[in-house]
Amino acid sequence: MFEVLDPTPGTAPPAGRLAPRLDTLEGKTVGFISNGKEGTKGFFKHLDQILREEYGVASVVSRTKSNYSAPADPHIVAEIKGWDAVVSGLGD
Amino acid sequence: MQFASRSYSADSISAVQELYHSNGWTDGLPIVPPTREAVQECLEWVMMPPDQLIGIEPVRGLAITAEKLAINAVMAGCLPMHFPVVVTAWTAMMQQEFLMHGATASTGGCAVLVILNGPIRLEIGASGSFNALANSDRATAVIGRAIRLCLINLLDDRPGVIDRSTLGHPGKFSYCVAEDEEDTTWLPLAEHRGVPKGASSVTVMSAGAPRQLMNEWTTKPEEILETFAAEMRANMRHYSIHPGNYAIVIPKQLREHLQAGGWTKADIATFIHERARIHRREWAEVGKGAVVRDRGDSVYTAMDSPDQLLVVAAGGPAGGFGAVIPPWLGNKSYAVTLPIGVCVDCEPPKK
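Order-wise, the sequence lines are chains U and G. Counted from 1, the first sequence has number 57 at position 57 by full-length UniProt numbering; the numbering is strictly sequential. Counted from 1, the second sequence has number 321 at position 321 by full-length UniProt numbering; the numbering is strictly sequential.
This is chain G alone, in the form it adopts within the complex:
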């Protein structure tokens, strides 16, 4: 297989690490050496030649090839079976409505949240149970990290260069969650967003850090969801009032109360849309009185419509917790869901 990338020789694993760190090619953590063999195995898994064009980054006109995604995926620790997810996530991120340049360059400091649906979750061992939003498993850890390394190395999204984040958040190392489709009666997120039943898919969202909440003191769906809505209202007061794609993550303990009451994801989204709204005058209560101006009575909703809420079933089996994941900056970036178009069930060709 012919690669366009320059290659380097290094005497030892330490020399490889120093080569990549000294060139600013990492996220600060050690990398897996992207050897020709490892990169080739990723490309063979998805049956793409190295120069396969995955897309053109819309703002700066950068061509993104399969070879470059594969090199960064290997560095992140991806195995070939993880690579279809990386390719699909990047394809989704290059859609105009995602506004990748703005979202990844902004002082707002969001990360790209990747949500997995469909059978590929089980094939690659992506878990939507314990510690779902963090280091739950190998697959989500390395896929999320691959997304960030590609941003760093392909778009120059380095801190202080293209990435102008004031604070950022830990999800910028890795931010990937698999929905727990086996332990819920709800439709998977991707199916809810129009992907055919049973198709593996990836949703990407320009996302702030998760805001954890807790309500273990009721079984009533309305009261449980009121806590989620209140957290969204808090985000609207303290961070941004702009409507857009919010995600809420509902673990099993709270999910079971909602499911027992017969609430679907659509019911949840409708309820949240009604409750997650504030008056502009509330900004005066949190130190932002200067921007209330004469519009104090104006009402702002967290989403433009209920279908902007991404409801995700994930989390460990015990604990009355949940999470609200706010958008980077409202509708400036829209979440994108794409089915995995590369062959996820194919074996690589025999040597």
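Excised from the complex, chain U in its bound form:
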């Protein structure tokens, strides 16, 4: 008989919490945080157009991380509180 130990943390890692959902996108400011990879360009360009033309978004703010493998730069994170919604996207 073996008594053996669990090699994992056993508890869920601390997770972020989703912001409350918006009732409408009309007149809102939406921020994009791109990881800067090639694949993000066409996606965010298209999404920008859809949000403005079909959902009445007032403005779209596009920001790109300085390092696509690291968390968003502090100055980008600081800007988030001025936005109503955020779309964070990878280009892979």
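Since the hints were derived computationally from the structure, they do not count as laboratory data. Incorrect hints may appear among the rest.
A short, non-exhaustive set of chain G residues, derived as facing chain U with CB atoms under 10 Å [what the hints assert, rightly or not]:
(1) 5
(2) 6
(3) 16
(4) 20
(5) 21
(6) 62
(7) 70
(8) 106
(9) 107
(10) 149
Subject to a maximum C-alpha distance of 25 Å in a straight line, what follows is the list of computed PhoX-like cross-link-like pairs (lysine-lysine) [claimed, not checked]:
(11) U:65 to U:45
(12) U:81 to U:65
(13) G:288 to U:37
(14) G:220 to U:41
(15) U:81 to U:41
(16) U:28 to U:41
Since this is a predicted model, take the numbers as computed values, not measurements. Here a beta-carbon is modelled for each residue, glycine too, at the ideal position from N, C-alpha and C.
Take the given structure of chain U and dock chain G to it, following the hints.
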């Protein structure tokens, strides 16, 4: 000793294996059962309580404790005497500049290369001779495997979960090398990087697979090193142009020609830094013309400066081979060297 980890009972060694495989707790190979006794022996060896905080993983805020490292180290096959290396390597990996989350989650598929220096190599039987980059000995095999099992189980670095590697490479099972300090006139890597002479230490690097080269047809240091530089240029053309920490591994046969010519590691790094550089337009020769744009004349160096080159003396005594170990992705991750801060010479307490 009180453990925070949940424990499981298993009737047989086969049942233990199935328990760990079915939960996704292994690298696909069988594990050594992490019993309370075996884990306790590792912790006693480094004189740490189970809840000793080794560090906080910087991106996801995960607390890494000595207990969890020890469980995974035992699973990998580590003996208590190997555990100080695992603890130090993980401490190094949690430094901000190593960018552990990015390096281990990336599609780039690098592994953590662990390089050992100092007396602990001899104490644990880590060999820097025959087959140095592979299954050279028990110590480097199990230490390298422990690093990966900790990543799998503590950071959820499982393929397709946090580990998004497109290909990966075999070093992701185990990638640990001891420098052959006894058979060289060169300064050990760690001493070169500021660790006091005689201290045992660990260097970690986010590393691609080794690219083996061969030049048995000269004794001239410049020609030997040109082959290394050419391999680095090839990596810059075919893989990534970003400058960063490269490692080169120089076995005895080529090393002796360099040493006979009076070349130090610093001389080698200076020469390589001059030679390992390409023009951006060279990308057009390898199918990447689309990204040359109007910057064809721009010159890119493999490293920002010579001190980014990790020169390692290791390998079997015969053969005009060497290896270039490229960075995962340039300066996104920096190699980190730390002396082993836990007591490596202490005996565990008497029962």
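Hint by hint, here is what the structure shows:
no. : hint          : in the structure
1   : 5             : holds (4 Å)
2   : 6             : holds (4 Å)
3   : 16            : holds (5 Å)
4   : 20            : holds (8 Å)
5   : 21            : violated (12 Å)
6   : 62            : holds (5 Å)
7   : 70            : holds (9 Å)
8   : 106           : holds (6 Å)
9   : 107           : holds (5 Å)
10  : 149           : holds (7 Å)
11  : U:65 to U:45  : holds (16 Å)
12  : U:81 to U:65  : holds (17 Å)
13  : G:288 to U:37 : holds (16 Å)
14  : G:220 to U:41 : violated (49 Å)
15  : U:81 to U:41  : holds (24 Å)
16  : U:28 to U:41  : holds (22 Å)
Violated hints, in rising order: 5 and 14; the structure is consistent with all others.
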